[in-house]
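> One letter stands for each residue in the lines below.
There are 2 protein chains.
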Amino acid sequence: MADILLIEDDVAIRSALSRGLRELGHAVSSSPTAFEGLRLAVDDRPDLIVLDLGLPDLDGVELLRMLRAVSRVPVIVATARDGDSEMVPVLDAGADDYVVKPYSAAQLDARIRAVLRRAGAEPAAEPLRVGGLRVDPRARAATLDGQELDLTPREFDVLHYLATRSGEVVSKRQLLTEVWQLPYGGADKTVDVHLSWLRRKLGETAAEPRYLHTVRGVGVKLAEPS
Amino acid sequence: MADILLIEDDVAIRSALSRGLRELGHAVSSSPTAFEGLRLAVDDRPDLIVLDLGLPDLDGVELLRMLRAVSRVPVIVATARDGDSEMVPVLDAGADDYVVKPYSAAQLDARIRAVLRRAGAEPAAEPLRVGGLRVDPRARAATLDGQELDLTPREFDVLHYLATRSGEVVSKRQLLTEVWQLPYGGADKTVDVHLSWLRRKLGETAAEPRYLHTVRGVGVKLAEPS
DNA sequence: ATGCCTGGTTAAGGCGATGATAAGAGCGCA
DNA sequence: TGCGCTCTTATCATCGCCTTAACCAGGCAT
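Chains as they are written, first to last, in my numbering: chain L, 75 to 300; chain U, 75 to 300.
If you are wondering where the hints come from, they were derived from the structure by calculation, not from laboratory data. None of these values were measured; they are calculated from a predicted model. Among these hints, one or two may not hold up.
Which copy? The list can't say, so a pair holds if one copy fits it or any two copies do.
Calculated cross-link-like contacts (lysine to aspartate or glutamate; reagent style EDC-like; alpha-carbon spacing at most 20 angstroms) [stated by the list, open to error]:
1) K263 - E136
2) K246 - D170
3) K275 - E97
4) K295 - D231
5) K295 - E229
6) K295 - E282
7) K295 - D77
8) K295 - E252
9) K263 - E110
10) K275 - D183
11) K295 - D210
12) K263 - D183
13) K295 - D170
Produce the complete structure using the sequences and hints provided.
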């Protein structure tokens, strides 16, 4: 599934997680120390790193910053402390996610998949094109037939999400969880509102769609006008 | 003269060189181990590193590669071996120069000056242009429509950073870590203040931007006025 | 045909992000 | 050691965006 580097000093946890993750299909290398871990991170270039905070030889945040200096490899931090406040500096230092001990390999696997999914979706820094529509993630700007569109952040996110899946039907639920990052709770009228605003700015109506097509009972899709 | 980091395990050589280089006007920090040295390289960002190959805890070439992963800081390698063939992999790994033991502080100083001269001359310090804005890293000066702008050091750094990424949205967090070199800690009001000052000196307001556009919820971007 | 359900639009309020200013701290330089 | 320039921090005003709510319009099933 993925190359995982596990940096964890407790030998029991380390071997248990290694075994567990391997059974779930990952390739796992591990290190009991920060420095050795850093070396492995540089040499082996794992797809993802699981980093325990309570290392003996170096503060976890410190190591995290060094890792970040070296690469943008996703890092999941594991910690015994459970206060959320403890996690703020860690996340600020560039961690992608965290788990609180005790945690199982299966739990960790779920996080790993989520983080990798997110990370994998990212490197789309190239402008996207759908017909006369151009969506540029780097500039966070969109143009329609050369005309710059004045979009709000959320509108841009929605358009961008649809543009990366142009031609594909996307459910509102999907938008809510992916764009809004909300656990789907039914309050999806907000999505409707934003789609409406988008349509207006795209110069079209729901009755006369050009790019943004409603698929009744399913969702919406972004497609080239025919 | 320069911030030098000396990574050398032999205590006699280390202290002798430290003293010698200090007398020649350099600021010297040092480490007897590779890992500690790496940490200092990341944290202190020296102007140049002098690296001994015969370290106890990690192969020199290995460390060199890790250093290169972290930064492009010039590295002079010191070695006891005298065969030139030994040096090929070292130079391939990204060393800028090397000296063979035994060597004096004065000798080293000459190398240091040569490397820094080369390194300092090199970085494509071409003036950047964004519309009527010109940012000259070499002179650390900027002009707007031919008019020289009176910028403070920090203001210039911010403008320069944005100019190298013109058209791209840059987050405040990014500015804080890249320009201020701070581990993001949330104190990003400072960034706002500097942006505000920049805007004033660019003759624009946030409400009527010409070059410096805020992208709400994300950051700012420098772009040509339309 | 009619009522329900899905989807669309509009309006209004609250919240959070941003912008500007001023005061204080730090620092280098004289 | 003192002065002045910069940078930082704090505060407040402002503005834009998102959400919520209410209402409207079609289509589909009964």
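> Checking K275 and E97: alpha-carbon separation at most 20 angstroms within a copy, between copies, both or neither?
neither (43 angstroms within a copy, 61 angstroms between copies)
> Is it within a copy, between copies, both, or neither that the alpha carbon of K275 lies no farther than 20 angstroms from that of D183?
So K275 and D183 fail the 20 angstroms test inside a copy (41 angstroms) and across (52 angstroms) alike.
> Please sort K246 with D170 into within, between, both or neither, judging by C-alpha distance up to 20 angstroms.
The answer is between: 19 angstroms across copies meets 20 angstroms, while 26 angstroms in one copy does not.
> Are the CA atoms of K295 and E229 at most 20 angstroms apart within a copy, between copies, both, or neither?
both (15 angstroms within a copy, 18 angstroms between copies)
> Check K263 against D183 for me: Cα-Cα at most 20 angstroms, and say if that holds within a copy, between copies, both or neither.
This pair counts as neither: shortest intra-copy Cα distance 33 angstroms, inter-copy 38 angstroms.
> When no copy is named, should K295 and D77 be tagged within, between, both, or neither for a Cα gap of at most 20 angstroms?
neither (33 angstroms within a copy, 36 angstroms between copies)
> Between the shortest in-copy and the shortest cross-copy C-alpha distance, which are at most 20 angstroms for K295 and E252: within, between, both, or neither?
The answer is within: 15 angstroms in one copy meets 20 angstroms, while 25 angstroms across copies does not.
> Between copies, within a copy, both or neither: which fits K295 and D170 at Cα up to 20 angstroms?
neither (30 angstroms within a copy, 25 angstroms between copies)
> Between K263 and E110, at a C-alpha cutoff of 20 angstroms, which is it: within one copy, between copies, both, or neither?
Classified as neither: same-chain Cα gap 33 angstroms, cross-chain 38 angstroms, threshold 20 angstroms.
> I want to check one pair: K295 and D231. Are their C-alpha atoms no more than 20 angstroms apart within a copy, between two copies, both, or neither?
both (14 angstroms within a copy, 17 angstroms between copies)
> Can you give me the call for K295 and D210, within, between, both or neither, at a CA distance of at most 20 angstroms?
Cα proximity of K295 and D210: in one copy and across copies (19 angstroms, 13 angstroms).
> 20 angstroms Cα cut-off: does K263 pair with E136 within a copy, between copies, both or neither?
neither (40 angstroms within a copy, 24 angstroms between copies)
Of the numbered hints stated above, those contradicted by the structure are hints 1, 3, 7, 9, 10, 12, 13, listed in ascending order.
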